[in-house]
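Engineer: Mind docking chain U on chain A? Use the hints.
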Amino acid sequence: MTTLLEVNGVSVTFDGFRAINNLSIQIGEPELRAVIGPNGAGKTTFMDIITGKTKPDEGRVLWGDKGASLLGMSESRIAQEGIGRKFQKPTVFEAQTVAENLGMALKQRRGPLRVLFGRDRGSEAERIAAIAAEIGLADQLTRISGELSHGQKQWLEIGMLLAQDPRLLLVDEPAAGMTPAEREHTTDLLKRAAETRAVVVVEHDMEFVRRLDCKVTVLHEGSVLAEGSLDHVTRDQQVIDVYLGR
Amino acid sequence: MRQGFLAKNPSVLWFLLLLALFTLAVTLMAQAGLVSTSLVKTLGKTLCLCLVAVAMDVVWGYCGILSLGHMAFFGLGGYAIGMWLMYARTEAIVAENLAARPIPPTPQEISDAIGSQIFGVVGSSDFPPVWAFAHSLPLQLMAALLVPGLLALVFGWLAFRSRVTGVYLSILTQAMTLALSLYLFQNESGLRGNNGLSGLQNIPGYGHVPQSTISLVFLWASALALGAGYILFAWVVSGRMGSVIRAIRDNEARVRFLGYPVEGFKLFVFTLTAVVAGLAGVLYYPQAGIINPAEVAPIASIYLAVWVAIGGRGRLYGAVIGAAFVSLLSSWFTGGSAPPIDLGVYVIQWTDWWLVLLGLSFVAVTLFAPKGIGGLFDLITARRPVEEERVGDYGPDQGAWRRREGQEEA
Numbered sequence: 001m002t003t004l005l006e007v008n009g010v011s012v013t014f015d016g017f018r019a020i021n022n023l024s025i026q027i028g029e030p031e032l033r034a035v036i037g038p039n040g041a042g043k044t045t046f047m048d049i050i051t052g053k054t055k056p057d058e059g060r061v062l063w064g065d066k067g068a069s070l071l072g073m074s075e076s077r078i079a080q081e082g083i084g085r086k087f088q089k090p091t092v093f094e095a096q097t098v099a100e101n102l103g104m105a106l107k108q109r110r111g112p113l114r115v116l117f118g119r120d121r122g123s124e125a126e127r128i129a130a131i132a133a134e135i136g137l138a139d140q141l142t143r144i145s146g147e148l149s150h151g152q153k154q155w156l157e158i159g160m161l162l163a164q165d166p167r168l169l170l171v172d173e174p175a176a177g178m179t180p181a182e183r184e185h186t187t188d189l190l191k192r193a194a195e196t197r198a199v200v201v202v203e204h205d206m207e208f209v210r211r212l213d214c215k216v217t218v219l220h221e222g223s224v225l226a227e228g229s230l231d232h233v234t235r236d237q238q239v240i241d242v243y244l245g246r
Numbered sequence: 001m002r003q004g005f006l007a008k009n010p011s012v013l014w015f016l017l018l019l020a021l022f023t024l025a026v027t028l029m030a031q032a033g034l035v036s037t038s039l040v041k042t043l044g045k046t047l048c049l050c051l052v053a054v055a056m057d058v059v060w061g062y063c064g065i066l067s068l069g070h071m072a073f074f075g076l077g078g079y080a081i082g083m084w085l086m087y088a089r090t091e092a093i094v095a096e097n098l099a100a101r102p103i104p105p106t107p108q109e110i111s112d113a114i115g116s117q118i119f120g121v122v123g124s125s126d127f128p129p130v131w132a133f134a135h136s137l138p139l140q141l142m143a144a145l146l147v148p149g150l151l152a153l154v155f156g157w158l159a160f161r162s163r164v165t166g167v168y169l170s171i172l173t174q175a176m177t178l179a180l181s182l183y184l185f186q187n188e189s190g191l192r193g194n195n196g197l198s199g200l201q202n203i204p205g206y207g208h209v210p211q212s213t214i215s216l217v218f219l220w221a222s223a224l225a226l227g228a229g230y231i232l233f234a235w236v237v238s239g240r241m242g243s244v245i246r247a248i249r250d251n252e253a254r255v256r257f258l259g260y261p262v263e264g265f266k267l268f269v270f271t272l273t274a275v276v277a278g279l280a281g282v283l284y285y286p287q288a289g290i291i292n293p294a295e296v297a298p299i300a301s302i303y304l305a306v307w308v309a310i311g312g313r314g315r316l317y318g319a320v321i322g323a324a325f326v327s328l329l330s331s332w333f334t335g336g337s338a339p340p341i342d343l344g345v346y347v348i349q350w351t352d353w354w355l356v357l358l359g360l361s362f363v364a365v366t367l368f369a370p371k372g373i374g375g376l377f378d379l380i381t382a383r384r385p386v387e388e389e390r391v392g393d394y395g396p397d398q399g400a401w402r403r404r405e406g407q408e409e410a
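Sequence lines, in order, name chains A and U.
Residue numbers for the first sequence follow the UniProt record's numbering, beginning at 1 and rising by one.
Residue numbers for the second sequence follow the UniProt record's numbering, beginning at 1 and rising by one.
Rather than coming from a laboratory, the hints here were simulated on the basis of the structure.
Note that CB positions come from ideal geometry on N, CA and C, so glycine has one too.
You may find that some hints are simply not true.
Pair ranges (Cβ atoms, derived) [stated by the list, open to error]:
hint : chain 1 : residue 1 : chain 2 : residue 2 : range
1    : A       : Ala-95    : U       : Arg-163   : 21 to 27 Å
2    : A       : Asp-231   : U       : Ala-253   : 56 to 62 Å
3    : A       : Ser-123   : U       : Pro-10    : 43 to 49 Å
So these bits of chain U aren't anywhere near chain A, every CB distance computed over 12 Å [said to hold, decoys possible]:
hint : residue
4    : Phe-15
5    : Thr-27
6    : Thr-37
7    : His-135
8    : Leu-139
9    : Gln-174
10   : Gln-186
11   : Ser-189
12   : Ser-243
13   : Leu-343
14   : Val-347
Next up, chain A with everything else stripped away, as it sits in the complex:
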């Protein structure tokens, strides 16, 4: 397992509030990692920094084998580098069909002229169908995605991430609002995805994290409080005090 992402001494301040405080995390490839922590611990800001939405005040974010810095790149450039993100609220393009949503996410050249002239290669339809089968939406391809249920939208968004074929997948609370059966399916999806790439899951739900069965990082007030297996961190006195004990 080689290091894919290295976050080093990163701090962010919003209007005097220190959302991230000297945070350092390393993610390997392949790896499944769960990030937990109470509200306001900086979980979402952590993802914002990696994906380029928020620029940190100090620190380094290094990426890939060559250790390129992500801080100078635009959001779209970072996504092209191979970092995919799933938001807390399912954000699929509700006015478009499932197939159109997946098609847009497919890994390919992203420039306007490429998109305009590089149309409809036959293999794309097959790839879309394969991903739809993977996320269990094979018979919903022609539906407008706004019509899908909440759980189906979450899967569609995970499917869009898989279609992007990223090296690092950032997933924000994937199980929120899902039924137990849907959760199980989601766990399987994430575990399978983590066999070949790095997957970081931000989650509130301990039961869900336990099912993921992976290394856990606990965030608190913008920095790492503890790291290790779930059993290890849940025995940590500090963690119990700030998070579990509540």
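Structural biologist: Coordinates of chain U only, in the frame set by chain A:
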């Protein structure tokens, strides 16, 4: 599963068919003397307005950029072609006058004579630098497309790069067209200030051809341009490109996280539509005969948005219907053809009250029929995603669309 472009977009074929029938019918009626030359010109001009409305629909209805400055590009195209028309025609007249002299005129004398003819009205006789290419039709035609394109490219690059969106962008585009119009109003702009360019209906070298024939030629040219522009934009907004453009309209940030350079896409759409607007201007102003800075005033671009809104955003034929319907109705009302209504205590003169009526219809369409006139087509086509008999909500779970939402959005 794979279909041709036209098979997937049946409305394009219908549109082209209707456009061809319309053009043929007008031509035949004009030759039979049933349609006056001025009406042919009005119809030809309307086709140009439809073309710029289609461009506006792509930039607003599909890409979500409410540009209130696209008539500036239209006007720039008009000015570019107008410069050649004026120059070439004045040159012919001057050459004819000077030829009667005993000594043949030098090129400098000819140039001076043309200059004083064109710029005498603003008290000057020198050619400003912007007229450098006015002698050449190909160069001015290129300018008619390149100048709007370049202006859109630079303006769009600055605006989109700074992530200016929504109402702020609309205000910026208004500022752009206002600035252009104020600049052109100055005599120093070199484009004859508030006089504008006139006599554009006289095509140099074709003085012997009657206007009734020229008007038909321009009608056909406008119809061709509208047809070609319609196909071009239908192609741009279909397939993957269309997907991305509509996605930018709905959630720009999400598109960025998919890896698409959103600014590049916006810039592409903005510039392409500006070039097409310039082309529409090239065909419009020889039919109108005159162009002046009022044509690029902010209100012109607002009208454009009103046409597209009334016709129905997000569908190309809606823009065509809106532009044709509202602009024809507008010339009927303001042309004095509409009979005044005598209320006893007050007589409604439509020349005064038309704008009030237009404003009220715009508000009514926005409030009660957001899909515009084009929405009527949903009633007769199969574009009804919600089955009538559906009773429950869309999905089995929380967060699924409720029945009402589905009907409103789809």
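Engineer: State for each hint whether it applies.
Structural biologist: Outcome of the hint check:
1. Ala-95(A) / Arg-163(U): 21 to 27 Å: Once the Cβ atoms are compared, 23 Å apart, the range 21 to 27 Å for Arg-163(U) and Ala-95(A) holds.
2. Asp-231(A) / Ala-253(U): 56 to 62 Å: violated, 38 Å
3. Ser-123(A) / Pro-10(U): 43 to 49 Å: violated, 27 Å
4. Phe-15: holds, 21 Å
5. Thr-27: holds, 35 Å
6. Thr-37: holds, 41 Å
7. His-135: Non-interface label on His-135(U) holds, nearest chain A Cβ at 35 Å vs cutoff 12 Å.
8. Leu-139: Given a closest Cβ separation of 27 Å, the condition holds.
9. Gln-174: Answer for Gln-174(U): holds, closest chain A Cβ roughly 26 Å.
10. Gln-186: Fine: 37 Å to the nearest Cβ keeps Gln-186(U) off the interface.
11. Ser-189: holds, 34 Å
12. Ser-243: The claim is violated: Ser-243(U) sits with its nearest Cβ about 5 Å from chain A, within 12 Å.
13. Leu-343: Non-interface label on Leu-343(U) holds, nearest chain A Cβ at 46 Å vs cutoff 12 Å.
14. Val-347: holds, 48 Å
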